Amino acid sequence: MPDSLHRCAWCGTDPLYVAYHDEEWGVPEYDARALWEKLVLDGFQAGLAWITILRKREGMRDAFDGFDPVKVAAYGEDDIARLLGDARIIRSRAKINAAIKGARIWLEMQENGEDFSEWLWSFVGGAPIQNHWPDSDARPVATPESEAMAKALKKRGFTFCGPVIVYAFMQAVGMVNDHGVECFRHRQVRALAGGSET
Numbered sequence: 001m002p003d004s005l006h007r008c009a010w011c012g013t014d015p016l017y018v019a020y021h022d023e024e025w026g027v028p029e030y031d032a033r034a035l036w037e038k039l040v041l042d043g044f045q046a047g048l049a050w051i052t053i054l055r056k057r058e059g060m061r062d063a064f065d066g067f068d069p070v071k072v073a074a075y076g077e078d079d080i081a082r083l084l085g086d087a088r089i090i091r092s093r094a095k096i097n098a099a100i101k102g103a104r105i106w107l108e109m110q111e112n113g114e115d116f117s118e119w120l121w122s123f124v125g126g127a128p129i130q131n132h133w134p135d136s137d138a139r140p141v142a143t144p145e146s147e148a149m150a151k152a153l154k155k156r157g158f159t160f161c162g163p164v165i166v167y168a169f170m171q172a173v174g175m176v177n178d179h180g181v182e183c184f185r186h187r188q189v190r191a192l193a194g195g196s197e198t
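Read the sequence shown against this note's numbering and you will find it ends at 198, with the numbers running on by one and no gaps.
It is worth saying that the hints were derived from the structure and are not from the lab.
Any given hint could turn out to be false.
No farther apart than 27 Å at their CA atoms in a straight line, the calculated lysine-lysine pairs in the BS3-like style are these [as the list claims (entries may be wrong)]: (1) LYS56 - LYS154; (2) LYS38 - LYS101; (3) LYS95 - LYS56.
The structure presented is a predicted model; accordingly, all values stated were derived computationally and were not measured.
Sequences and hints are given; from them, build the entire structure.
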């Protein structure tokens with residue numbers, strides 16, 4: 001039975017997409033490992049629809065050892081061959097290699113005393129940006145913040161992290177609240193971020 005809640009139009013009616021919109025998208029995420037997983041998944045999305053990634057996400061989590069950076073960083077050619085043969089994931093050698101390389105950079109940062117979460121959140125001043133888009137308005141595909149983050153990620157050696165992918169990542173992990181103002185989640189996500197309505 002359909003409900004009467006007003007949602008962002010992009011999630012459509014697919015139950016998986018609706019659940020993602022209602023429960024995850026825009027919720028501030030501060031866990032360093034979870035942020036890396038989401039960045040990897042957004043990289044795998046390049047050229048594809050996000051619903052494709054959502055449908056494969058559980059299989060990808062299993063195939064990539066729960067996106068444990070320590071385990072993924074240790075992957076060698078046998079693991080790459082295993083992944084390329086796994087129909088549950090996006091079988092792109094370039095994207096698999098990007099995930100492995102990203103895990104190694106993540107670990108290197110940790111070993112150097114850098115917190116991946118604090119570093120990423122620094123691009124938005126440590127707190128979510130609260131946007132107030134009418135639902136009918138198109139969102140930007142990139143912003144100065146996503147361009148700065150993408151440039152910094154690339155400088156560190158991350159790949160599949162251009163400004164458009166990075167902005168989608170920022171929206172998903174709550175660095176920006178891009179729920180439309182008419183969407184029932186806009187106010188809820190704002191409250192999660194510790195913000196009040198103005």
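These are the hints, each one checked on the structure:
no., hint, result
1, LYS56 - LYS154, "holds (26 Å)"
2, LYS38 - LYS101, "holds (15 Å)"
3, LYS95 - LYS56, "holds (15 Å)"
Checked against the numbered hints given earlier, the structure satisfies every one of them.
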